[in-house]
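**Q** So the protein sequences, as listed, match chains A and B.
Okay, so the first sequence: first residue is 1 according to the numbering used here, each after it adds one.
Okay, so the second sequence: first residue is 1 according to the numbering used here, each after it adds one.
Hints are computed from structural coordinates only; laboratory data are not their basis.
A quick note: this is a predicted structure, and the numbers were derived from the prediction, not measured.
Among these hints, one or two may not hold up.
Claimed, not checked - Partial list, computed: chain B residues near chain A (C-beta under 7 Å):
(1) S94
(2) H99
(3) E121
Using N, Cα and C, we set each Cβ at its ideal position, and we do this for glycine too.
2 protein chains.
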Amino acid sequence: MTEIKILKIGGSVLTDKTVLESAKMEAIERIAAEIAGHDSGLILVHGAGSFGHIHAKNYSLVERLSREGVLETHRSVVRLNDLVVEALRRAGSSPVPVHPLSCTILRDGRIEAMQTDQFGEMVDWGLVPVLHGDVAVDRSRGAGIVSGDQLVTHLARSLEPEIVALGTAVDGVIFNGKVLAEVKREDLPEIGSELGPSAGVDVTGGMRGKLEELLDLADEGISSLIFNAEKAGMIERVLGGERAGTLVEVKA
Amino acid sequence: MTEIKILKIGGSVLTDKTVLESAKMEAIERIAAEIAGHDSGLILVHGAGSFGHIHAKNYSLVERLSREGVLETHRSVVRLNDLVVEALRRAGSSPVPVHPLSCTILRDGRIEAMQTDQFGEMVDWGLVPVLHGDVAVDRSRGAGIVSGDQLVTHLARSLEPEIVALGTAVDGVIFNGKVLAEVKREDLPEIGSELGPSAGVDVTGGMRGKLEELLDLADEGISSLIFNAEKAGMIERVLGGERAGTLVEVKA
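Please take these sequences and the hints and turn them into a complete structure.
**A** And the structure:
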């Protein structure tokens, strides 16, 4: 069995979140090149950024189903996924797209079921599954958003990865103007009020939502990193096992 | 719970199987219009036709993994899926693409695991899942082909559909120049030798392979129809509950 690494790249790293469907192609190419040298065991998850969030807001997908909204939002994020997959292929990886809409069921906006056995098979054969924030059916409300962050924590629970790392457009969790080297559950009341939403349109919760996902994961014994994926070389370092940014740590 | 109907449209109906990636757009539009009026509870599966089969042959995907072959073949069939989904949307349905590569694990070329709960949720909310013949990971050989026919029988076993119908480019199972009104397991030795492969490149077994899949299904108590989807009006009739073509019947 290949040791599994789960890397998420935030939508704000890959796109300009304030402009509809504006991919940052230079960043995508650089990230693909950094990943390609360290892609053994890798499962990549990327955010939707301005591919999807704006659609989702228009269609009120967070609260309720719109059938057109499901298809339009999905198609939009798949366009970003295509760009990421293609960049990885050019960089020398063997990416395969995996769409949450095809394999996920939500209840009240949380993943209730998602087949994950295929990911271990894929990485064992040298393929790099590339997932993304998406729409998915929801047993309680028809359809909803499944965020990249939620996908990461769900995969981490199922697959016991060696590394869980979330690349964002900031250096980590910032409190009083400084990057915290680590965050534990007990720190949340103090720092929580400073964690606003991320820049631009975001239907999935920003840094606070991200941290809450990762603290839940830490409660189950899986620590993770929040680091800056906009800085060249950081992805390579993190995939190589280095610690960077903020470690979301299990309780002592 | 919505009553489920599983309709497969063969790749030779939607494409010219002898020419790489040649979609028959008129047929796709007509079929979409026929489906749109009868899409309650519908799960649509389509073959890959000349999108995929030729790639799969080039990359020897039937026997062994080629990592580039997985992505190239998948992308090719997704291009056909996009055309079908878009035609359905224009015709007034609410299609959503579902890609087997995202949710299926094979072993020795047969489906070992495939999450199917999402399909019931989709049809309950008025969405029409549109699946297709695809590549998927295979525990024994890295990756392989999952045919539309195999998807149909797997879904039928999981979802207890009211209707299982396979639209082809012929009127049904033909023996001695005539369409058989029904076929049972015990008829196979007699008629099997006459069932050659279908026209053009086909990596998934042609009429004989189809019939073997459906007789296995009949052994489990689920009958199915093989009918001509090139004749205008047939899909509407079949989705409306009429019998047409050849009934693959459970044992008496």
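**Q** Under the criterion of a CB-CB separation shorter than 7 Å, is S94/B in contact with chain A as hinted?
**A** holds, 4 Å
**Q** Does E121/B pass the interface hint, meaning its C-beta sits closer than 7 Å to a C-beta of chain A?
**A** holds, 4 Å
**Q** Let's test the interface hint: is any C-beta of chain A closer than 7 Å to that of H99/B?
**A** Hint on H99/B: holds, closest Cβ of chain A at ~5 Å, below 7 Å.
Every hint from the earlier list agrees with this structure, and none is contradicted.
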